[in-house]
Amino acid sequence: MCAVAMHARTEGNKFPRGDIFPQNTQTLTSNMASLDRVKVLVLGDSGVGKSSLVHLLCQNQVLGNPSWTVGCSVDVRIHDYKEGTPEEKTFYIELWDVGGSVGSASSLKSTRAVFYNSVNGIILVHDLTNKKSSQNLYRWSLEALNRDSSPTGVIVSNGDYDREQFAENPVPLLLIGTKFDQIPESKRSEVLTRTAFLSEDFLAEEINLDCTNPRYLAAGTSNAVKLSRFFDKVIEKRYFTRDPSPMAAFTDRKRFNFKSLHYD
Amino acid sequence: MFTSQVLFFGFGWLFFMRQLFKDYEVRQYVVQVVFSVTFAFSCTMFELIIFEILGALSSSSRYFHWKLNLYVILLVLIFVVPFYIGYFVVSNIRLLQRQRLLFACMVWFTFMYFFWKLGDPFPILSPKHGILSIEQLISRVGVIGVTLMALLSGFGAVNCPYTYMSYFLRNVTDGDILALERRLLQTMDMIVSKKKRIAMTRRQMYQRGEDQNKQTGFWGMIKSVTSTQSGSENLSLIQQEVDALEELSRQLFLETVDLQSTKERIEYSKTFQGKYFNFLGYFFSIYCVWKIFMATINIVFDRVGKTDPVTRGIEITVNYLGIQFDVKFWSQHISFILVGIIIVTSIRGLLITLTKFFYAISSSKSSNVIVLVLAQIMGMYFVSSVLLMRMSMPLEYRSIVTEVLGELQFNFYHRWFDVIFLVILHTIITWTCFFLSSNYSVFS
Chain A
1 MCAVAMHART EGNKFPRGDI FPQNTQTLTS NMASLDRVKV LVLGDSGVGK SSLVHLLCQN
61 QVLGNPSWTV GCSVDVRIHD YKEGTPEEKT FYIELWDVGG SVGSASSLKS TRAVFYNSVN
121 GIILVHDLTN KKSSQNLYRW SLEALNRDSS PTGVIVSNGD YDREQFAENP VPLLLIGTKF
181 DQIPESKRSE VLTRTAFLSE DFLAEEINLD CTNPRYLAAG TSNAVKLSRF FDKVIEKRYF
241 TRDPSPMAAF TDRKRFNFKS LHYD
Chain B
1 MFTSQVLFFG FGWLFFMRQL FKDYEVRQYV VQVVFSVTFA FSCTMFELII FEILGALSSS
61 SRYFHWKLNL YVILLVLIFV VPFYIGYFVV SNIRLLQRQR LLFACMVWFT FMYFFWKLGD
121 PFPILSPKHG ILSIEQLISR VGVIGVTLMA LLSGFGAVNC PYTYMSYFLR NVTDGDILAL
181 ERRLLQTMDM IVSKKKRIAM TRRQMYQRGE DQNKQTGFWG MIKSVTSTQS GSENLSLIQQ
241 EVDALEELSR QLFLETVDLQ STKERIEYSK TFQGKYFNFL GYFFSIYCVW KIFMATINIV
301 FDRVGKTDPV TRGIEITVNY LGIQFDVKFW SQHISFILVG IIIVTSIRGL LITLTKFFYA
361 ISSSKSSNVI VLVLAQIMGM YFVSSVLLMR MSMPLEYRSI VTEVLGELQF NFYHRWFDVI
421 FLVILHTIIT WTCFFLSSNY SVFS
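Respectively, the protein sequence lines represent chains A and B.
When you line the first sequence up against full-length UniProt numbering, it's residues 1 to 264, in that order.
When you line the second sequence up against full-length UniProt numbering, it's residues 1 to 444, in that order.
By construction, these hints were calculated from the structure, which means they are not laboratory data.
You may find that some hints are simply not true.
Unchecked claim - When the alpha-carbon atoms are kept at most 25 Å apart in a straight line, the in silico DSS-like pairs for lysine-lysine are as follows: (1) A:Lys82 - A:Lys226; (2) B:Lys196 - A:Lys226; (3) A:Lys89 - B:Lys194.
Using the sequences plus the hints, can you model the full thing?
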């Protein structure tokens, strides 16, 4: 496991990292050095509540003044992999909250694509009170997966949705619906059936919550269990499956060569 | 006649669904209906002008349709749309949910008050007409609409050459973009590493805090106080660094987007279409300069053109070039084409501008309000463009417009347009120059 962790850390580098880390990293406790890197994207239309969600997941607090996200904002959550078992290990999960809408200008899209490198998991966020935001999730997932196409080939034809693509998809997905409290009681079952179809399409688990109320993710609830299972799956795919290293190393090396070619 | 109105209504509906509300769910059909109705009646006015020139339908029926149209448009613009705007704005504010209708009426009355007051500083109140006559209402709508038109024209006059001509494009290479992207990702990595430290420190503090609770006694208390203090000081320092880095990452992101869009524009300008638009850009910039010149002359010499361009053009060709042709026949056709072009380009330009504006500022909460505001702007714009178009038509066609709209001081509107146009133009030009020069200094 030690060898895998070492290998994972070096091949996760896209740029030389030595000069970036400040010198006083050494003063931190040994816990820091053994924690490895996992990257999860948080995607969805603007205004669905991604920033509030990320803040809730990482700080365990409700975000007081949500404002429009420009570019990408990152936050870090400490997750205990296989909590409660003797194999328990602590990981940092980086949640990259990418702002914007699917219909933005192509210059914005190509700049956003910079953040989609070497993604280990995707959280798709939609607004339960706005059907369009759920429909746009297909386009969001295609945008993120296209950029990060692995050699097994996620072939896309003109943005048409095809379920088989997701079956071969190496990246785990999680579906989160926000603003659950704003749905009147009478419409709840209808909305929940719709999201059930959605989660079937993506082959993903779904969580429905309200980002301004931490009790939805309190320890022991089914939502917290689903979340924890998702993160475990992400970490497993990243470090502990049959051969993740050659594939990821291949794409990284390919990208690095491409970039160095243009840099001269 | 009515079939064409239904057609326009359908077109407005489609435009609403396809373009404006592409990303939103339509929940209030009222908004859609109001928007389509405004669009339909505005287009009918233009259609009536065209009919006027072509001589289609009988004169009395045309007059009837004009009057009807005018009444409906004024009704919509002054009563219906502002009321709904007030209603939706009030519904968005959670506190006033209960008495929505009451507050909406209050908002509407405030609007009517200001609307009326608008007429005071301008020379439009003439004692011949009563209070609630068409002339009063139209004159006020005309003032607002003409201001809007001048605003949009001024903006278009500066923006158009800038967008079309490739002279203004900076030279951007792929290497620049890659370098910026690299910097952006490095900044994100730094943010991530600092946030990791914060998270870990916080977790340790939390765990130590739990242990501290078990430690009792005097020394335990002192130890807990000192250690948490240094911990939190350290945290706030790192947090400040993180905030600064996040601001930097935002700026880098925006710069990268800017470079990408410039690169795309450069690529586009190399295509055939791009070259065509480049040429058009030169043409338009000359036209804009001429317009500015004319506007200045009009203001300085305090005159308003008496004859329209078509008749003047024909006069010039007949007198100076000695070409004889049937004036009446040609003037009708040429003015028809000219007016048609003006109408189509202004509608298209307005719809495109409104769409861009809508995408830029709307969100799922305020989309209804914004669409209604846009419908209001569109209605006023079209009404005042009819007012101003009077100038471009030969004398015999102006009569019906004058007849229908009553005795308005048309000259005043032209002067007002020129004034606002010049003011806006100068503001925009100085602002753009300032903006451009600051941009260049950042890059060099």
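Hints, verified against the model:
1. Between the alpha carbons of A:Lys82 and A:Lys226 the distance comes to roughly 13 Å, so the proposed pair stays at or under 25 Å and holds.
2. Between B:Lys196 and A:Lys226 the alpha-carbon distance is near 24 Å, which keeps this suggested pair within the 25 Å criterion.
3. Taken as a hint, the A:Lys89 and B:Lys194 pair is honoured in the structure, with Cα atoms around 21 Å apart against an allowance of 25 Å.
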